[in-house]
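Asker: What follows is the residue order along each chain.
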Amino acid sequence: MASGEKTLNEQPQTDNGRPAWVKVLIPVLALGGVGVTAVLGFVMVFFITAWFGNPLPVLGFDQSPVQPIAFPHTAHAGSELLFNDDGSAKMDAEGKQLTGIGLDCTFCHRTVTDTNVAGIPPVETCVTCHRVIGSTQSEPLTLLRTIGLGDDPGPIQWKRVHRLPDHVRFVHEPHIRFLTDVGNTHVIANRDEAAILAGTQSDGSVLAAVTCSTCHGDIKSQTQVAQVEPLKMGQCVDCHRKNDAPTDCTTCHF
Amino acid sequence: MVTAAERVSSHKWGMAVDVDRCTGCQACVMACQTENNIPLSTEDIYRQKRTFAWIRIERYWYGDFPNVKARFIPIMCQHCENAPCEPVCPVFATYHNTEGMNVQIYNRCVGTRYCGAGCPYNVRFFNYWEPVWPSTLRNQLNPDVTIRSRGIMEKCSFCVQRIRRGVREAAQEDRDLVDGEIQTACTDACPTNALVFGDFNDDNSRVSIMSHDDRKYTHLDSLNTEPNVVYLAQIDATGGAIGEHE
Numbered sequence: 001m002a003s004g005e006k007t008l009n010e011q012p013q014t015d016n017g018r019p020a021w022v023k024v025l026i027p028v029l030a031l032g033g034v035g036v037t038a039v040l041g042f043v044m045v046f047f048i049t050a051w052f053g054n055p056l057p058v059l060g061f062d063q064s065p066v067q068p069i070a071f072p073h074t075a076h077a078g079s080e081l082l083f084n085d086d087g088s089a090k091m092d093a094e095g096k097q098l099t100g101i102g103l104d105c106t107f108c109h110r111t112v113t114d115t116n117v118a119g120i121p122p123v124e125t126c127v128t129c130h131r132v133i134g135s136t137q138s139e140p141l142t143l144l145r146t147i148g149l150g151d152d153p154g155p156i157q158w159k160r161v162h163r164l165p166d167h168v169r170f171v172h173e174p175h176i177r178f179l180t181d182v183g184n185t186h187v188i189a190n191r192d193e194a195a196i197l198a199g200t201q202s203d204g205s206v207l208a209a210v211t212c213s214t215c216h217g218d219i220k221s222q223t224q225v226a227q228v229e230p231l232k233m234g235q236c237v238d239c240h241r242k243n244d245a246p247t248d249c250t251t252c253h254f
Numbered sequence: 001m002v003t004a005a006e007r008v009s010s011h012k013w014g015m016a017v018d019v020d021r022c023t024g025c026q027a028c029v030m031a032c033q034t035e036n037n038i039p040l041s042t043e044d045i046y047r048q049k050r051t052f053a054w055i056r057i058e059r060y061w062y063g064d065f066p067n068v069k070a071r072f073i074p075i076m077c078q079h080c081e082n083a084p085c086e087p088v089c090p091v092f093a094t095y096h097n098t099e100g101m102n103v104q105i106y107n108r109c110v111g112t113r114y115c116g117a118g119c120p121y122n123v124r125f126f127n128y129w130e131p132v133w134p135s136t137l138r139n140q141l142n143p144d145v146t147i148r149s150r151g152i153m154e155k156c157s158f159c160v161q162r163i164r165r166g167v168r169e170a171a172q173e174d175r176d177l178v179d180g181e182i183q184t185a186c187t188d189a190c191p192t193n194a195l196v197f198g199d200f201n202d203d204n205s206r207v208s209i210m211s212h213d214d215r216k217y218t219h220l221d222s223l224n225t226e227p228n229v230v231y232l233a234q235i236d237a238t239g240g241a242i243g244e245h246e
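If you're matching them up, the sequences are chains A and B in order. Note that our numbering has the first sequence beginning at 1, numbered continuously upward. Note that our numbering has the second sequence beginning at 1, numbered continuously upward.
The shape of chain B in the complex, shown without the other chains:
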């Protein structure tokens, strides 16, 4: 019999991002912001250079004038197997769990910010202030996600609240999970399906199939971080895939 602990840890969650499909529309950014109770990046916060975005769209130009083209790359926590942020945490508030996720335990965090300094992808954010929402937004906060107080590091969690709910509901109905059943907020919102979420332990899942594509690359390969987020390079109509940027 599968124990409850085995049922949870039998997955290896990951994401595949098809850069060729990304139009840079920012729907994922908004979806993430609302799903995860991310503090608002107001003008004041922006001027302090302390804005939050668990997922952001990086924009690159390529080609020479007049044939300039834009390339959009969504960047979120890469959930590295070999994460530079983990060993530097003095209190084990961030660690790699059995499901292949790099998790952040807010109540364990003491706010040293070492992990933020260690992360080469710049996807960890520190709460310099107590988050405040205008009264009109209070009721849209997600009750399934802890509101991080001041002095705490936060980052993309692969929407762990949705994973927990999905796994639990499957167990409740006594059935196996179906690929695509669990969606993170960003993959749910993506209109072009550039973002795909799934289980790498399932050989037939969409992420597994995409991770065997020729266009597959991972970011900052040279650092050997072994991310659980894989990217598929953009196809240039004039010939060949455009390689990884450094």
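Pulled out of the complex, with its shape left as it was, chain A reads as follows:
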């Protein structure tokens, strides 16, 4: 009891004259608190952006991994003028500016129209052209030739860019079939009609290549492939609902 009274009596005294170390501690704690809040806030922003879509492209959260060989889609799939990394125009041996060669996506991603995986071309595909095409000074091409033209043409260890979690099954084939089906009088939402029109051949069929941008963005103009669409469940189910595609959980999860 006595000690309790004593503390009660002493209370105002401590408030009046704080010891020196407490005075130092208060600003330290206050600053520390601000710091902790800032760090927590930063972490939360990461998690929230990651939840809703693509994480911010900093601190290794990039959606565009550096590939073992700097393979440019611009040079192969695009047909625009090419530029070097420093912004200068890319010239061929005769001093003419190079343009992309506009290959069809299915030239390399061959299985995209009939199976679940699109497939990455084997190194043999690359060296059929690059045995001769491209300067001998080019660093990525030298690397490509050592891998592809040696005695034992090894695979290139490409880094995966688009990857759904293990519990999701994605199939390319029905999507390409659906997006290229011009005769589909059904509701067509999320389809790039202008691209379809541009890709329509004289016989009425549509090039598979024009549909890729629905989920992959404009790959043709990317020197390093990046994931631009979030490809979260919301996006998938949204489009499935609008187009009367199956939305049963076992469509994508099994």
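Hints in this document: simulated from the structure, not taken from any laboratory. If you're wondering where the values come from, they're calculated on a predicted model, not measured in any experiment. Note that CB positions come from ideal geometry on N, CA and C, so glycine has one too. Hints may contain errors.
Claimed, not checked - Straight line, CA to CA, 20 Å or less: simulated DMTMM-like cross-link-like pairs of lysine to aspartate or glutamate:
1. Lys12/B to Asp248/A
2. Lys242/A to Glu6/B
3. Lys12/B to Glu86/B
4. Lys216/B to Asp202/B
5. Lys12/B to Asp213/B
6. Lys96/A to Asp86/A
What the hints assert, rightly or not - Here are some of the chain A residues that sit facing chain B, going by a computed Cβ distance under 10 Å:
7. Asp114
8. Asn116
9. Asp166
10. His167
11. Val168
12. Arg169
13. Arg177
14. Phe178
15. His240
16. Thr247
17. Asp248
18. Thr250
Dock chain B against chain A, hints included.
Answerer: Here is chain B on its own, set in the frame of chain A:
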């Protein structure tokens, strides 16, 4: 025009098991194990009484010595229309889909194990441990089937990955499915065709025909679970079909 959703849900998948043809060879058990990435039931796991088998062969003896005979009954998830496991799931990780299957969504599952307690057939299995495979078996895992992590319930899925593939390939070729085209791993492996898989909505499918056989019975009828797996009773050479066991 048939929409993609209607095309998928126009089926009612089911199985018919002719007990008279089953020799208890366990081929279905092995096929299922490899197809569905089922964790190995090692000695250690066995001693813990936590072995996995989405399909198992139950063995019964009947007759009096010396005329004892064995009867083998393959038991897998019965895909009940009126499933006791479904209403108890607090997160809707298991539900009845439009194709007559009782499905388990692994990523939705939080591992309460209520469904396992509710199931009268004992065909649901809980991953008490993270599954591990010896390095020699890593490459035989099926890429079409999710590997269930620790803390998740799993069970026979009627090889839904094969159903999806079959339906999709038929759509790709713009034709109707043929009965018998889609086979589950166990029906594929069964050497005596005791296990038959098919579509109950198709009146001419083998399962539909078998489900109208006089020998047809379903397991634990009294619980009114209305299974989508029907059994045909064994015929005893000495007279009559041997009825359902309880």
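Asker: Could you run down the list of hints and mark each one as holding or not?
Answerer: Cross-check of the supplied hints:
no. : hint                 : result
1   : Lys12/B to Asp248/A  : 14 Å, holds
2   : Lys242/A to Glu6/B   : 14 Å, holds
3   : Lys12/B to Glu86/B   : 18 Å, holds
4   : Lys216/B to Asp202/B : 18 Å, holds
5   : Lys12/B to Asp213/B  : 19 Å, holds
6   : Lys96/A to Asp86/A   : 18 Å, holds
7   : Asp114               : 7 Å, holds
8   : Asn116               : 8 Å, holds
9   : Asp166               : 6 Å, holds
10  : His167               : 4 Å, holds
11  : Val168               : 8 Å, holds
12  : Arg169               : 7 Å, holds
13  : Arg177               : 7 Å, holds
14  : Phe178               : 7 Å, holds
15  : His240               : 8 Å, holds
16  : Thr247               : 7 Å, holds
17  : Asp248               : 5 Å, holds
18  : Thr250               : 5 Å, holds
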